[in-house]
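Protein chains: 2
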Amino acid sequence: MMANRKLKYWGWGYEDTGLDADETRSLMATFANGFDIQASRDGSFPSLDAIELPTCRLDISAALSKVCTDDKFERVYHAFGQSQADSIRTYNGDFEHAPDVVAFPETDRHISELYEWADKVGAAVIPWGAGSSVVGGVTSDVSSKFNGTISVDMGRMNKVIEVDKVSRAARIQGGARGPEIEAQLKPHGLTLRHFPQSFEHSTFGGWIATRSGGHFATLYTHIDDLVEATTTVTPAGNVVSRRLPGSGAGPSPDRFVAMGSEGALGIITEGWARLQGRPTFKGTAGFRFNNFFDAARAVRAVSQAGLFPANVRIVDSTELQVNGVGDGSFTLMVISFESADHPVDAWMTRAEQCCLDHGAVVDVEWRDNPEAHLQGAVGAWRTAFIRMPYNREQLTPRGIISDTFETAITWDQFEEFYESIRETTRTAIRDVTGHAGAVSCRFSHAYPDGPAPYFAFHAPGDPGNMLAQWREIKSRSSDALIRHGGTITHHHAVGRDHQKWYERQRPALFGDVLKDAKKRLDPKGLLNPGVIVG
Amino acid sequence: MMANRKLKYWGWGYEDTGLDADETRSLMATFANGFDIQASRDGSFPSLDAIELPTCRLDISAALSKVCTDDKFERVYHAFGQSQADSIRTYNGDFEHAPDVVAFPETDRHISELYEWADKVGAAVIPWGAGSSVVGGVTSDVSSKFNGTISVDMGRMNKVIEVDKVSRAARIQGGARGPEIEAQLKPHGLTLRHFPQSFEHSTFGGWIATRSGGHFATLYTHIDDLVEATTTVTPAGNVVSRRLPGSGAGPSPDRFVAMGSEGALGIITEGWARLQGRPTFKGTAGFRFNNFFDAARAVRAVSQAGLFPANVRIVDSTELQVNGVGDGSFTLMVISFESADHPVDAWMTRAEQCCLDHGAVVDVEWRDNPEAHLQGAVGAWRTAFIRMPYNREQLTPRGIISDTFETAITWDQFEEFYESIRETTRTAIRDVTGHAGAVSCRFSHAYPDGPAPYFAFHAPGDPGNMLAQWREIKSRSSDALIRHGGTITHHHAVGRDHQKWYERQRPALFGDVLKDAKKRLDPKGLLNPGVIVG
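Those sequence lines, one after another, are chains A and B.
Numbering-wise, the working numbering comes out as the position in the first sequence, counting from 1, plus 593.
Numbering-wise, the working numbering comes out as the position in the second sequence, counting from 1, plus 593.
Fair warning: there could be bad hints in the mix.
Since copy identity is lost for identical chains, a pair holds within one copy or between any two.
[What the hints assert, rightly or not] With a straight-line cut-off of 25 Å between C-alpha atoms, the simulated SDA-like cross-links for lysine to any residue are:
#: 1; residue 1: Lys738; residue 2: Gly1118
#: 2; residue 1: Lys875; residue 2: Pro647
#: 3; residue 1: Lys1112; residue 2: Phe978
#: 4; residue 1: Lys758; residue 2: Gly1078
#: 5; residue 1: Lys1117; residue 2: Val833
#: 6; residue 1: Lys758; residue 2: Tyr813
#: 7; residue 1: Lys758; residue 2: Gln1006
No lab work stands behind these hints: they were computed from the structure.
So that you can see chain A by itself, here it is in the shape it has in the complex (with noise of 0.2 Å):
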């Protein structure tokens, strides 16, 4: 099936998706309307062709040669992720920093291999699942010291190698994306249930390694509580960790060299993931609030009832405008429950009530409506986050800057914390772009102790100084986030965009420990430079 569809290098997917000019048009009426925001230009990102790439510097070893390339297409298309710097440098043609070689491993010793014809000739490693980083956790950029760099593309590492239907339970490949993840544990009755946004383009051990956080909104946030036992391969040996439910024997291995760990320490390349059974009782509804303070209040209430839902998120009314639902004077909230086991009536009731108790007024019914999540302005909300992913690449050659960030925060701080967040970005906006545009909010997660507030920014750029500008603004929300308490990712990773804010975040005797441990795991510091450890 993939075989014949061809990946974009600069943007989201395959060639052959993406907006239609309706849906463009659409974006672009919105944002012209609602937001001051208009295109600067009308552009397009440079062809194959006109991609200038320096002469691979690395002579691919005759024992390497069957899993290495440096072909055009695949070092243009590993030179980036998927994050609005890459976007724009992508349109820039900025490909100086490619990789000179591409490896696709089959095996555990193939990486073995490759970290050793590496540590010789002197190159940098970056581990790559599927390149949906948006924080440049892919992207090429390495030292000068370095002689050259290889991206590992662990694509062809993708099995599901076996399903213990007893424990629920399965052993993945690092390598495995979403869509044949679930495509191999279908016929067994079974799913992993997270879905990330980038679910399609993005794998396994690429979840695990950044955290990666899914489809549930409660309970099983992170990938990190699907994750049984890890393998990593590191440059110093392979470090496997036992398969256990649970366990009190020190410091958790698998929480600190396989999750959160970037690529830096070494690369994932296999995993026992905790299953689901198949979800055949399912209820959603959509409630309206007046104010987005409401809405957060319900979701307190929710979370704090312990009642799980799979999700439970709200939009407000400028998130739910930017993406062509509703007028701007509602916040609408997601409520679902699911359960292969037993009927969620109960579940969804008490729910309701506790937004109800928070104002809210029923936009999508319940009862006795398996279509709940595709009717009114939830349905219409689904379908804007299913395209959002394919927005950025209309949005770059028409100079429109656009971004995403996550965070979480406790409840006590959060409502100050909102409108700081808010208001240093949109000060910022308008100090780099002269222009309003918009800033806008939902919760990705909630928890009993606070939300994962998920801000997303839109501005009309200068030609020519988009990456500037974006940069600006992103420097001024990141330390807004630090200063105010807040985490620099709940669920995006660190990558080399934040990893500034990073070690300002995490204990400074921490960071220390974490570079012993690189030093450990990695001695040359070859894996995924200036990630993790500075």
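Mind docking chain B on chain A? Use the hints.
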């Protein structure tokens, strides 16, 4: 309150608590009749006067004199935790390794000063919560290369410093014991609901350091999930993590420096804990099963149903009998739900069906029965469970070996694992003591992918040889746990007693990473030597 109550150095809790003569007689009768376990002596623990202590080798500095003592009782009391070995050695009057000094710091600064002093004089430092370790975690056995030992009792740092009712969280000092925490939270209508069997004599910091398992049989099984942030005072400085409901920014500092560090990397002086509303809706049911595996399958069904009961514990017929409950003909399941928010009938109804599907017979009916937890085998087991920590101080002086060990395993391996561990332990008891003894099992916690089986064994020992006998049985059962894929501990921790097996369990390279972290945070290796980092 506590000022007037003296703690036992030879057993559990206060001097004025323990089994009465009837309870002890009944315990011994059960052992003798059911399991061929007879007392081999009728001795008593040595009096404080009779215990010989080596002279204190350390001069308490003037600066620290207010928080340090070489008082005999304190040195004796802090020489041991609550393990079987500790009990036997106390009986034997083996106090040569007793700490020279016991410190009671009141501030982080005191702890740093204690480190400086220990460093200067070459003393080891043993962090002490409330001394409930059953794995030698606080037993002050250190190598002769140290010039002395300082036990650091955290008992004076026992405050709930701050309560955040909005986020339902509290900032709690590391030395606060369970009852102290709950008493300080009660006026706020909140509760931590972390009730390990050691609840009365264990601390918040100790729970975090040992990854304690508490009240909840599912979901929030370990304290790990209830902790939002930690402060750890290390010899290299303080590691203070940010208060966050969730984060994806690199590997979790809490889960490496604090959770599972067992006093080897630093002392946890405070942390933010996630709280619960005080439950107003409760339901408990009891079920009997003909055999343990049917009951285990019912636990699996409930665990995989996504119902998250507070309790879903099964107790095999031997464990019931040893504790004077039942006639050895059935396995008991106790299942309960609780909520501060909503009635739990829908949850309980479905869980009950899962049990009935697996051959359960009702022991105690939950409907309209608020006293269910006090009735039938459920109530009898509950009483036995609460009194259990007092058994050992009666058994050791009678020459009866009595210990427990706990683990976790995936469901697919469970039945074979259970048979192997039980058989290995039975054979070891027979080989070592010449008697059958009793080996029993219950589940302490349950996960969708596997249970946490908790084994107990009892056997008649030879006076004068009990320690070696216990060690041999413990060693063989530990070998079996590791050989058959389990963890050496699910929630009792590693301590000195499990270190050998922990080193086999953890990935070797991760062991090196831990050693590096130890060197970074505790460069002189003063802290709890022999634990976690060998």
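Here's how the hints hold up against the structure:
For the homomeric pair Lys738 and Gly1118, the shortest alpha-carbon distance inside one copy (11 Å) is at most 25 Å, but the shortest distance between copies (36 Å) is not. Proximity of Lys875 and Pro647 under a CA criterion of 25 Å is satisfied in neither setting, with 53 Å inside one chain copy and 69 Å between copies. When the C-alpha separation of Lys1112 and Phe978 is checked against a cutoff of 25 Å, the pair qualifies neither within a copy, at 41 Å, nor between copies, at 48 Å. In this assembly of identical chains, Lys758 and Gly1078 lie within 25 Å of each other by CA distance solely across copies; the values are 18 Å between and 42 Å within a copy.
For the identical chains of this complex, Lys1117 and Val833 are intra-copy neighbours only, at 21 Å inside a copy versus 30 Å across copies, given an alpha-carbon limit of 25 Å. For the homomeric pair Lys758 and Tyr813, the shortest alpha-carbon distances inside one copy (20 Å) and between copies (24 Å) are both at most 25 Å. Taking identical chains as interchangeable, the C-alpha atoms of Lys758 and Gln1006 lie at most 25 Å apart only when they sit on different chains, with a minimum of 12 Å there against 43 Å within one chain.
Taken one by one, the earlier hints fail for this structure at numbers 2 and 3, listed in ascending order.
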